[in-house]
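Given chain A, work out where chain B should sit, using these hints.
The listed protein sequences correspond, in order, to chains A and B.
Residues 8 to 784 (our numbering) are what the first sequence spells out, left to right.
Residues 929 to 1008 (our numbering) are what the second sequence spells out, left to right.
If you are wondering where the hints come from, they were derived from the structure by calculation, not from laboratory data.
Quick caveat, the model's predicted, so the values are computed rather than measured.
Each hint should be verified, as a subset may be incorrect.
Stated by the list, open to error - Chain A stretches covered by chain B per the calculated footprint, using a threshold of three residues with CB under 8 Å from any CB of chain B:
1) 603-613
2) 675-688
Unchecked claim - Pair by pair, the computed Cβ-Cβ distance ranges are:
3) ALA645(A) / ARG981(B): 29 to 37 Å
4) ARG981(B) / ALA577(A): 43 to 51 Å
5) GLU677(A) / TYR991(B): 17 to 25 Å
6) GLU980(B) / ARG760(A): 42 to 50 Å
Said to hold, decoys possible - Far from chain A, some chain B residues (derived; all Cβ distances over 10 Å):
7) MET929
8) ASP932
9) GLU933
10) MET935
11) ILE937
12) LEU951
13) GLU952
14) GLU953
15) VAL954
16) ARG956
17) ARG981
18) VAL1005
19) ALA1006
Every residue, glycine too, gets a C-beta built ideally from N, C-alpha and C.
The lines below spell out each chain.
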Amino acid sequence: MSACTYREAIREAIRQAMLADERVFCMGEDIGHYGGCYAVTLGLLEEFGPERIRDTPLSESAFVGAGIGAALGGQRPIVELMTVNFSLLALDQILNNAATLRYMSGGQLSVPLVIRMATGAGRQVAAQHSHSLEGWYAHIPGLRVLTPATIEDARGMFQPALEDPDPVIIFEHAGLYNEKGDLPDDPKTVAIEGAVARREGQDVTLVAYGGTVRVALGAAEELAAAGVSAEVVDLRCLRPLDSVTVAASVTKTHSVIVLDEGWRTGSVSAEVASRVSEDCFYDLDAPVARSRVHGRGPHSLRQTSGGCGLAPGGRCRGRRAPAGGLMGDFHMPSLGADMEVGRVTEWLVKVGDEVKRGDIVADVETEKSTIEVEIFESGVIEAIVVPVGEEVPVGAVLARVRSGASGSAEASGTVPAATEPTPPTEREATTIMASAVRSPIVRHLAAESGLDLNAITGTGEGGVITRHDVEQAVAAGQSRTGRLRSSPRARAVAAELGVDLNTVQGTGPRGAVTEGDVRKFNVPRGRVAASSNEGAVTAVVPEAPASAGPTSDATAKQTALRRAIGELMARSKREIPRYYLSTTIDMRKASEWLEHLNAGRSITDRIVMPVLLLKATARAVATVPEMNGFMVHGQFEASTAVHVGVAISLRGGGVIAPAIHDRAALRLDELMVALRDLVKRTRLGRLRSSEMSDPTITLTNLGDLGVDQVVGVIYPPQVALVGFGKVTERPWAEGGLLGARSTVTATLAADHRVSDGHRGGLFLSKIDHLLQAPEDL
Amino acid sequence: MTRDEAMGIMRDVLHQVAPEADLEEVGREGVMAEALDLDSLDFLNFMIGLHERTGIEIPELDYPQLATVEGCAAYLVAQT
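If we strip away everything but chain A, and leave its shape as in the complex, we get:
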């Protein structure tokens, strides 16, 4: 065994090939006297002379063409291109000659050429040296595309590549050249086809190649500490692509994340994701996930995780089931599509405190506002990971929560950290839901499901009916309407076990039923215990910048706020093919009715016109589902609940759109109280996280300022926005007569990918219709 670098391994492979076969020679820019721009061929000129180590002019097309000619003439050329970026100058030779000649000649000509080039980012040598275009070459039939990720592969794949009668492209990731390792004195050759599992695992497959393999292995190591067993598959060869090995792994783990430094659209990761969907659809328990590259170009990549911008561990959030240890983590929530980071300004709990689902545990400051953040797990606060004042990205672990009643995990002593999480005990379920006692949600749920509350036995304290009771009753008595969200794997397992999916509570993304949910459901009710969460992933958080004086702080905040709004609105304008409609609504009845109502009421009970408009909108949208929901990965997901976000302007500039939940079901008085409260809390910076995260449609009302009509910008990922102008007297013609009448102009901006003008018009006319009978609202 001897120690060497990735660079030296390739050099040695070239050297041995040249010693063994005098037809082998090297060509490229600066490979001779300079030793190669990445120093791979350093010293070879001295050993083999200028006939076999040939410096070429800066003319990629010419010397690749010369290499093709030499190969056709019986030589065995090794052509070096500095980086994949410059290979584009030779693309015509590579695609139209090297890759095509065998086909064009009916098999009579072969081009035994090896082209080596550096690829990938991470060395801060700017965009024109850092692209990852290997996916383009993998697209071309007639080429073999290799991406050695290890020293053994770099060394062992070289000779077979030279022996291949057809052109072979070898991508050497620039970040790997200095990697050190041991090579046996008599290294084995490595087959130039087929993927390989670099690490065995059970819970999730990480697919990587070239420079991302070590990132994947690092991520797997961190995940292991968190109790998630990740398998790492190294593709090794991008063409031909070994989808069989990938499929075998996914069939075992049921979920997959593909790492790729290349641009997302049309990338290697896209191809892998597509094949996984084709080959393993019924084994998938979660959507295929792909790593993303930050920024516009690879030169701007952050260096935190080996250059590909992937945060190990953080990407597994979608798959909660196997992550026993992650279950109790409390993350920085995403409080709107425009939020990337947040700062904890206050912890309202301390280590050892018992918390219940729905408790407010921290105040978080975003670029827009201060939000009260609720917790979604019941348990005991075990550790506070992020101290007050630190800014962390969305998804970072803020605190760790030990699930279940304190001490019960130890007492039952049956559940190790990494086992499947189990359903809460009856007692826990009651505790969790006790906070919802007598809440309007119970009435709404019951009304929605057509249940008689008198027929339900309450299990809450003092026998009151909890939300859990209603849900149980629904599950027991009635089938749900609409399509149930479930993973393909969950459906397959449910069919195998004879479980009715309609009866299973989903814990996956957006409530999808996962395999874990089905298996959990199928466990006899006796075998339940709390899960613990030892060894959770700790987020690496950047140091918060020292705060400057109050004025510059406010200015910086204002700038950040404008940027956040700007980015979101630009995304809306860029991505959403929208249409606009507007209609003028007769408000005479509504105005008179409201005036009459308020005249008889004490000031605290009065209702303002915006509440009527809000209520009408909420009722109307419930009947036109294409307006209510989210666009997720290009697919519309209608929401069954109606959470209308209300655009509220922030004093000093900016706008924020928190939601009141289940608005369609609230009575006007309740809605008034809720809206007043919401505006007040917005002003005081006391919004709650749940209000920020899930509005399903937004309403904006600029009537107070005398604005006639609002043509608004849709908040992604929502698909519609309703605007109201001023309610005021305007000329109104009816039956050939002109008179003055109180009116308002309602506008709709809606997403054409989801609905057409006809449905939009229907929605507006429904609002109109509802406002003509204000007493029924």
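Then chain B, alone, in the frame of chain A:
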């Protein structure tokens, strides 16, 4: 109630409704909603706050009388 007391109550209530708003900036004849960027719900919360502190029932039709700083203070003084 004296005018100073009324102004004190207005200042307190305004602080709850709109913490960053400053009554002193408005001027005696200034319209509060415009000068302080209050929307209709802020203004309603302001009215409710005044009601809770003073017990005065303020009919909706009287709202315009309370629009300016001076008008609001005078209304409160007159009603007690």
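Here is how each hint holds up against the structure:
Judged by the Cβ-Cβ criterion of 8 Å, the region 603-613 of chain A is covered by chain B as claimed, because 6 of its residues qualify and three suffice. Under the rule that three or more residues need a Cβ within less than 8 Å of chain B, the assignment of the region 675-688 of chain A holds, with 4 such residues. Taking the beta carbon of each, ALA645(A) and ARG981(B) are about 46 Å apart, not inside 29 to 37 Å as hinted. Separated by about 45 Å at the C-beta atoms, ARG981(B) and ALA577(A) satisfy the suggested range of 43 to 51 Å.
In this structure the hint that GLU677(A) and TYR991(B) lie 17 to 25 Å apart at CB holds, the actual value being about 24 Å. Hint check: GLU980(B) to ARG760(A), Cβ distance near 48 Å, so the stated range 42 to 50 Å holds. For MET929(B), the condition that its CB be more than 10 Å from all CB atoms of chain A holds, with the nearest at approximately 18 Å. The claim that ASP932(B) lies off the interface holds: its Cβ sits roughly 24 Å from the closest Cβ of chain A, which is beyond the 10 Å cut-off.
Distance check on GLU933(B): its Cβ is at least 20 Å (rounded) from any Cβ of chain A, clearing the 10 Å threshold; non-interface status holds. Consistency note on MET935(B): stated as away from chain A, and its beta-carbon is indeed over 10 Å from all of that chain's, at 20 Å minimum. With a closest Cβ-Cβ approach of about 15 Å to chain A, ILE937(B) is found to remain outside the 10 Å limit, as its non-interface label requires. The claim that LEU951(B) lies off the interface holds: its Cβ sits roughly 14 Å from the closest Cβ of chain A, which is beyond the 10 Å cut-off.
At roughly 16 Å from the closest C-beta of chain A, the C-beta of GLU952(B) stays outside 10 Å, upholding its exclusion from the interface. With a minimum CB-CB distance of about 12 Å to chain A, GLU953(B) clears the 10 Å threshold, and the non-interface call stands. At roughly 14 Å from the closest C-beta of chain A, the C-beta of VAL954(B) stays outside 10 Å, upholding its exclusion from the interface. For ARG956(B), the requirement that its beta carbon stay farther than 10 Å from each beta carbon of chain A is met, with the minimum near 22 Å.
Non-interface call for ARG981(B) relative to chain A: holds, since the shortest CB-CB distance, roughly 12 Å, exceeds 10 Å. Interface exclusion of VAL1005(B) from chain A stands, the closest Cβ pair being 18 Å apart, more than 10 Å. Non-interface status of ALA1006(B) relative to chain A is upheld: no Cβ of that chain comes within 10 Å, the nearest being about 17 Å off.
Consistency with the previously given hints fails for number 3 only.
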